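Taken in order, the sequence shown gives residues 18 to 342; the numbers are from our numbering.
Note that these hints are calculated values from the structure, not bench results. Predicted model only: the values in this text are computed from it and were never measured. A virtual CB, placed ideally from N, CA and C, is assigned to each residue, including glycine. Errors might be hidden in some of the hints.
With a cut-off of at most 20 Å between alpha-carbon atoms, the simulated DMTMM-like pairs for lysine to aspartate or glutamate come out as follows [unchecked claim]:
#	residue 1	residue 2
1	LYS240	GLU172
2	LYS326	GLU42
3	LYS326	GLU234
4	LYS181	ASP249
5	LYS240	GLU42
6	LYS326	ASP297
7	LYS181	GLU148
8	LYS240	GLU205
9	LYS200	GLU148
10	LYS255	GLU234
11	LYS181	GLU205
12	LYS240	GLU54
13	LYS326	ASP235
14	LYS255	ASP287
15	LYS200	GLU54
16	LYS200	GLU298
17	LYS240	ASP286
18	LYS255	ASP286
19	LYS326	GLU253
20	LYS200	GLU325
21	LYS326	GLU36
22	LYS326	GLU101
23	LYS240	GLU275
24	LYS200	GLU275
25	LYS200	ASP287
26	LYS200	GLU270
27	LYS240	ASP287
Ranges of calculated distance between the beta carbons of each label pair, as one might list FRET restraints [as the list claims (entries may be wrong)]:
#	residue 1	residue 2	range
28	ASP170	GLY259	41 to 47 Å
29	GLU275	THR73	40 to 46 Å
30	GLU101	GLU275	29 to 35 Å
31	VAL158	ALA218	38 to 44 Å
32	GLY104	GLU205	35 to 41 Å
33	LEU340	GLN274	41 to 47 Å
34	ASP128	ASP233	27 to 33 Å
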Amino acid sequence: MIPLGIRLISEVPVARVVELVRYAEARGYAYCWIPEEGFTSRDVYVTTTAIAAATTGIKIGPGITNPYTRHPAVTLNAIAALDEFSGGRAFLGLGAGGSLTLRPINVLAHDRALTRCRELIGVARRLWAGEAVSYAGARLVLHSARLAYGRRDIEIWVASRGPKMLRMAAEHADGVYLSGIAKFALEETITRVREGARGRATPPRLTLAYYVVHTDEDLQRIKPYCTYRLLDSPPEVKSRLGVTAALEAQLNEALIQEGPHGAARLIRDDQLLPYVIHGDEAACAREIGAMITRYGIAQWVVPLAGYEKGEETIDRLRRIVALAG
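When you get a sec, could you build the whole thing from the sequences and use the hints?
The following block contains the structure:
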């Protein structure tokens, strides 16, 4: 069976997140992705450290952080510390950041996100190797910065939906984390990764994350978690899904006033279906299996939507992915 990852937004107390990750680890899950979601969740490094203390084998990291909420060198220090504490189990998941995370801290548009991420990756290996790094980039400046500890080969995963960031990820990252990709855009997305990786001896691994739903009740439950997937999608995807400028403005206003659960009422089911695997367990397994085979997926990530049935979801998705082959 393909390696499994679990993605949990730490919107509940850290102890509950830890409990679910321990449950997933005991059932063979290999990776734990904790997104940095700003003020809607607990701090990503407090959460990942608590998970590291309670587990023994599962790999742990931010999935995904960004180059805005912390200075890049501070992020790299945090990853090195997490790796040291966990016995070499940390990874870095990096992306441009979404509106859920960045809007409250007044990052209203991605200010040179591609440049910032590329520069962060460019100094990461050097800092983790213990070099004294002086660097003057377009957005990152370091003066003899040095870490007294670290591991040079900590995995770096980059998340993206845009063509330029996908190419950068393909050229420089160990893996590409594909989440929030409308299924009709997946072929083109992966083609861009492959094209960007042509000059590499070892191409980046691909990780794929989709919600899996079986009933209309399941679909309604995940809607709040997909609001930002629509808003942060590329313009051509929003156009195809009927996300007009007027609807986008309504969604943004609802998010400010009511949060994701309030904004969810504005999303039609047909706008959400391209972001999910939908059907009975056998049908979902067939669709997942086809994606894994067609695109050479190295890891399937299970995103949790809500925690009331967390253990049940962990077991069910393990069963479905095993059936997918």
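Against the structure, the hints come out as follows:
Simply put, LYS240 and GLU172 have alpha-carbon atoms about 31 Å apart, too far for the 20 Å limit, and the pair is violated. In summary, the hint linking LYS326 to GLU42 is supported, as the alpha carbons are separated by about 17 Å, within the 20 Å threshold. Restraint check for LYS326 and GLU234: satisfied, since their Cα atoms lie roughly 13 Å apart, inside the 20 Å limit. Distance hint between LYS181 and ASP249 is fulfilled; the C-alpha atoms sit about 15 Å from each other, no more than 20 Å.
A hinted pair counts as satisfied when its Cα atoms are at most 20 Å apart, and LYS240 with GLU42 does not qualify at roughly 27 Å. Between the alpha carbons of LYS326 and ASP297 the distance comes to roughly 18 Å, so the proposed pair stays at or under 20 Å and holds. Annotation: proposed proximity of LYS181 to GLU148 is violated, straight-line Cα distance about 29 Å (limit 20 Å). Only pairs whose Cα atoms come within 20 Å are accepted, and LYS240 paired with GLU205 is rejected, the gap being roughly 25 Å.
For a cut-off of 20 Å, the pair hint linking LYS200 to GLU148 is broken: about 42 Å separates their Cα positions. Restraint check: the Cα-Cα separation between LYS255 and GLU234 comes to about 24 Å, which exceeds 20 Å; the hinted pair is violated. Taking the CA atoms of LYS181 and GLU205, the gap is about 13 Å. The hint holds against a cut of 20 Å. For the given pair, LYS240 sits about 17 Å from GLU54 by alpha-carbon distance, which is consistent with the 20 Å threshold.
Annotation: proposed proximity of LYS326 to ASP235 holds, straight-line Cα distance about 11 Å (limit 20 Å). Taking the CA atoms of LYS255 and ASP287, the gap is near 12 Å; set against the 20 Å cutoff, the hint holds. Distance hint between LYS200 and GLU54 is unfulfilled; the C-alpha atoms sit about 24 Å from each other, more than 20 Å. For the proposed pair LYS200 and GLU298, the alpha carbon gap of about 18 Å is at most 20 Å, so the pair holds.
With a C-alpha separation of about 9 Å, the suggested pair LYS240 and ASP286 falls inside the 20 Å cut-off, and the hint holds. Pair hint LYS255 plus ASP286 holds up; C-alpha atoms about 14 Å apart against a cutoff of 20 Å. In summary, the hint linking LYS326 to GLU253 is not supported, as the alpha carbons are separated by about 35 Å, beyond the 20 Å threshold. Using a Cα cut-off of 20 Å, the hinted pair LYS200 and GLU325 is violated, with the two alpha carbons roughly 28 Å apart.
Between the alpha carbons of LYS326 and GLU36 the distance comes to roughly 13 Å, so the proposed pair stays at or under 20 Å and holds. This hinted pair does not check out: LYS326 and GLU101 have alpha carbons roughly 33 Å apart, beyond 20 Å. A C-alpha spacing of about 14 Å is found between LYS240 and GLU275, which places the hinted pair at or below 20 Å, so the restraint holds. The suggested pairing of LYS200 with GLU275 is violated, with an alpha-carbon distance near 28 Å, which exceeds 20 Å.
Proposed proximity of LYS200 and ASP287 is supported: the alpha carbons are some 13 Å apart, at most 20 Å. The hinted pair formed by LYS200 and GLU270 fails the criterion: a straight-line CA distance of about 27 Å is larger than 20 Å. Proposed proximity of LYS240 and ASP287 is supported: the alpha carbons are some 11 Å apart, at most 20 Å. Under the hint 41 to 47 Å, the C-beta atoms of ASP170 and GLY259, about 45 Å apart, fit the expected range.
The supplied range of 40 to 46 Å is met by GLU275 and THR73, whose beta-carbon atoms lie about 41 Å from each other. The supplied range of 29 to 35 Å is broken by GLU101 and GLU275, whose beta-carbon atoms lie about 42 Å from each other. A hinted range of 38 to 44 Å for the beta carbons of VAL158 and ALA218 is inconsistent with their spacing of about 32 Å. Checking the proposed 35 to 41 Å range against GLY104 and GLU205 shows it holds: the Cβ atoms sit about 39 Å from each other.
The hinted range of 41 to 47 Å is satisfied by LEU340 and GLN274, whose Cβ atoms lie roughly 42 Å apart. Between ASP128 and ASP233 the beta carbon distance is about 40 Å. The supplied range of 27 to 33 Å is therefore violated.
Figure legend: structure checked against the earlier numbered hints; hints not met, in rising order: 1, 5, 7, 8, 9, 10, 15, 19, 20, 22, 24, 26, 30, 31 and 34.
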